[in-house]
Structure formats: structure tokens, C-alpha cells
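Given only the sequences and the hints, what does the whole structure look like? Please build it.
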Amino acid sequence: MQKLREAANWIQAHTDLQARIGLILGSGLGILADEVEEARRFPYADIPHFPVSTVEGHAGQWVMGSLEGKKVIAMQGRIHYYEGYPPERIIFPVRLMKLLGVEHLIVTNACGSLREDFPVGSMVFIKDQINFMGSSFLRGPNLDELGPRFPDMSAAYDSAFRQMGARIAQKLEVNWKEGVHLAVSGPCFETKAEMRMMRLLGADTVGMSTIPEAIAAAHAGIKTLGIACVTDLSVPDKHEGVSHEEVMAVAERMKPDFIRLVKSIVRELP
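Taking this note's numbering, the leading residue of the sequence shown gets 15, the next gets one more, and so forth.
Bear in mind the hints are in silico, worked out from the structure with no lab data behind them.
From a predicted model like this one, the values you see are computed outputs, not experimental measurements.
We put the CB at the ideal spot given by N, CA and C, even for glycine.
One or more of the hints may lead you astray.
[What the hints assert, rightly or not] Below 27 angstroms or equal to it, Euclidean Cα-Cα: the simulated BS3-like pairs (lysine-lysine) are: (1) K237 <-> K269; (2) K141 <-> K191; (3) K85 <-> K237; (4) K252 <-> K141; (5) K277 <-> K85; (6) K84 <-> K277; (7) K84 <-> K237; (8) K84 <-> K141; (9) K269 <-> K185; (10) K269 <-> K84; (11) K237 <-> K191.
[Unchecked claim] Here are the in silico distance ranges between beta carbons for each label pair: (12) A207 <-> E130: 15 to 23 angstroms; (13) R281 <-> V66: 27 to 35 angstroms; (14) Q177 <-> D131: 19 to 27 angstroms; (15) Q26 <-> C202: 38 to 46 angstroms; (16) R281 <-> Q26: 24 to 32 angstroms; (17) A169 <-> R34: 16 to 24 angstroms; (18) D60 <-> R153: 26 to 34 angstroms.
Okay, structure coming up:
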């Protein structure tokens with residue numbers, strides 16, 4: 015808590031903006047942060063105790079300003095478990111958002127689809143999750159100031175928030191789905207046998223992020239909307255291999271619809 019307070023105090027010393035909406039932007043999707051107006055941009059390395067993103071496609075900036083008339087905090091690039099940080103460091107940004115007053119969180123990622131009827135280019139609203147990352151991310155002493163020792167995760171993704179997102183996507187004629195997201199620790203992409211297992215377990219999409227942030231948000235009482243952007247097909251019979259460069263290329267093509275969707279959702283939030 016002391017480290018979180020020091021980080022919050024540093025940010026508050028550099029801006030008096032009070033944001034109620036948080037955005038975590040996944041691989042290749044950070045361009046949305048460039049849409050923030052009157053923005054103050056802080057490199058992660060400048061914020062006390064803040065972990066630094068090391069992955070291509072993640073600019074590593076904490077951006078605060080206005081989007082669609084609402085005050086927001088946008089993470090232009092996230093921190094991944096596979097980068098080597100301990101679990102509590104991965105969720106540090108979400109807990110910092112809580113201290114700064116965030117009440118609604120939109121967390122996004124680039125993911126693989128485990129279903130042929132969830133094609134590349136789909137925006138999947140996450141309704142539930144399967145944690146295959148090897149950590150609960152809340153291990154260790156509980157921070158009672160943020161949430162309970164044993165948080166309920168049965169509704170980690172707010173249903174009303176998700177329904178609003180789906181309604182807006184329908185109106186914008188964006189290709190959207192609703193599904194269960196599974197996350198692995200990475201950085202390896204999944205094998206074909208693992209793809210079959212994940213599908214049998216009920217997962218619709220797979221990635222290497224989002225679940226830690228959703229756990230931390232649920233613990234802290236932040237209403238969360240998860241959007242998984244399908245950049246590759248993780249169906250065994252259709253899978254011909256994938257690279258990070260290919261993921262980034264598809265994310266680039268999805269940017270226009272992604273930006274329209276998220277901006278429209280932000281516009282309707284209180």
C-alpha cells in the first residue's frame with residue numbers, strides 16, 4: 015500500500031485530473047490513447063514503483079485526459095506476467111487506478127479464437143474467464159483498503175456493462191461475439207493439443223493477459239468490461255502457426271472498428 019500511495023501521490027502532484035474511467039490497451043491497440051485530448055503522458059519508468067512494459071506494440075505510457083468528454087486514464091501498453099514480474103506487480107496499475115478514483119475499467123487484448131465461428135476480426139465481449147496462468151494474482155497479505163481477503167469472482171465482468179457494449183457494437187455494425195476467455199502465462203503460443211483441451215473446457219478465446227487485471231478490478235470493486243480482439247485462429251485443424259508480427263498486423267487492421275467501439279462505450283458511461 016505504501017508503494018501504491020507513493021505512486022498515486024506522484025501522479026496527483028503532476029496533474030489534478032480526476033478520472034473515473036480506466037482503459038488498458040492490448041497489443042497493437044494502444045493507438046486509442048492518441049485520441050485522448052488535453053493529455054498528460056507519463057512514461058511508466060517515471061512513476062514510482064511502476065513496472066515497465068518491455069514488449070513490442072506496448073508504448074509504456076500512462077495517459078490522462080479527456081475522451082468523448084469523459085476523464086480517463088489510459089494504459090498505452092500493459093504489463094505481462096511472462097515479462098518476469100511477480101504477480102503483485104502485474105496488478106499494480108489496476109490498484110493504482112482504484113486509488114486515483116477509477117470506477118469503470120475497459121480492459122482489451124489481442125487474442126486467438128478457439129472457435130471457427132469467432133473469426134479473425136471479431137470483437138469478443140468477455141462474459142467469464144478461465145485462469146491457466148499459474149497464479150491467482152492475489153497471493154500474499156490482503157490489502158484490506160482495496161478489497162476483501164476472499165473476493166467473489168463469479169461476476170468479474172459486469173453484465174450491465176457488457177450488455178451496453180454489445181448494444182453499441184450492434185448499432186455500429188461491428189462484428190462482435192460474447193464468450194469465455196482463457197489466459198495462459200506465455201510467452202509461448204499454444205500447441206494444437208492445448209487448443210483442443212481449452213475448447214473442451216469451455217473457452218472461446220485464448221491469450222496471455224487480461225485475467226490478472228480483471229481479478230484485481232473485481233477485488234477492488236471496479237466494474238469491468240473485457241474486449242478480446244481476435245487476431246488469429248487457434249483451431250487445431252485450421253492452425254498453421256502464428257507470430258507476434260502477424261498478431262500486430264491484424265490488430266492494425268482492426269484499429270478503426272476498435273476505436274469507434276471503445277469511444278462510443280466511453281461516451282455512454284456516467
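Verification of the hints:
1. Only pairs whose Cα atoms come within 27 angstroms are accepted, and K237 paired with K269 is accepted, the gap being roughly 24 angstroms.
2. Taken as a hint, the K141 and K191 pair is honoured in the structure, with Cα atoms around 10 angstroms apart against an allowance of 27 angstroms.
3. Distance check on the hinted pair: K85 and K237 sit about 16 angstroms apart at the alpha-carbon level, within 27 angstroms; holds.
4. Taking the CA atoms of K252 and K141, the gap is about 25 angstroms. The hint holds against a cut of 27 angstroms.
5. Annotation: proposed proximity of K277 to K85 holds, straight-line Cα distance about 12 angstroms (limit 27 angstroms).
6. Restraint check: the Cα-Cα separation between K84 and K277 comes to about 10 angstroms, which is no more than 27 angstroms; the hinted pair holds.
7. Simply put, K84 and K237 have alpha-carbon atoms about 16 angstroms apart, close enough for the 27 angstroms limit, and the pair holds.
8. About 25 angstroms separates the Cα atoms of K84 and K141, which keeps this hinted pair within 27 angstroms; it holds.
9. Under the criterion of a C-alpha separation no larger than 27 angstroms, the hint pairing K269 with K185 is consistent with the structure, at around 18 angstroms.
10. The suggested pairing of K269 with K84 holds, with an alpha-carbon distance near 21 angstroms, which does not exceed 27 angstroms.
11. For the given pair, K237 sits about 20 angstroms from K191 by alpha-carbon distance, which is consistent with the 27 angstroms threshold.
12. A beta carbon spacing of about 18 angstroms between A207 and E130 agrees with the range 15 to 23 angstroms that was offered as a hint.
13. For R281 and V66, the hinted distance range of 27 to 35 angstroms is satisfied, since their beta carbons lie about 32 angstroms from each other.
14. A C-beta distance of roughly 21 angstroms is found between Q177 and D131, which places it inside the suggested range of 19 to 27 angstroms.
15. As the Cβ distance of Q26 to C202 is approximately 40 angstroms, the hint placing it in 38 to 46 angstroms holds.
16. The hinted range of 24 to 32 angstroms is satisfied by R281 and Q26, whose Cβ atoms lie roughly 26 angstroms apart.
17. For A169 paired with R34, a C-beta distance near 20 angstroms keeps the hint of 16 to 24 angstroms intact.
18. In this structure the supplied range 26 to 34 angstroms holds for D60 paired with R153, their Cβ-Cβ distance being about 28 angstroms.
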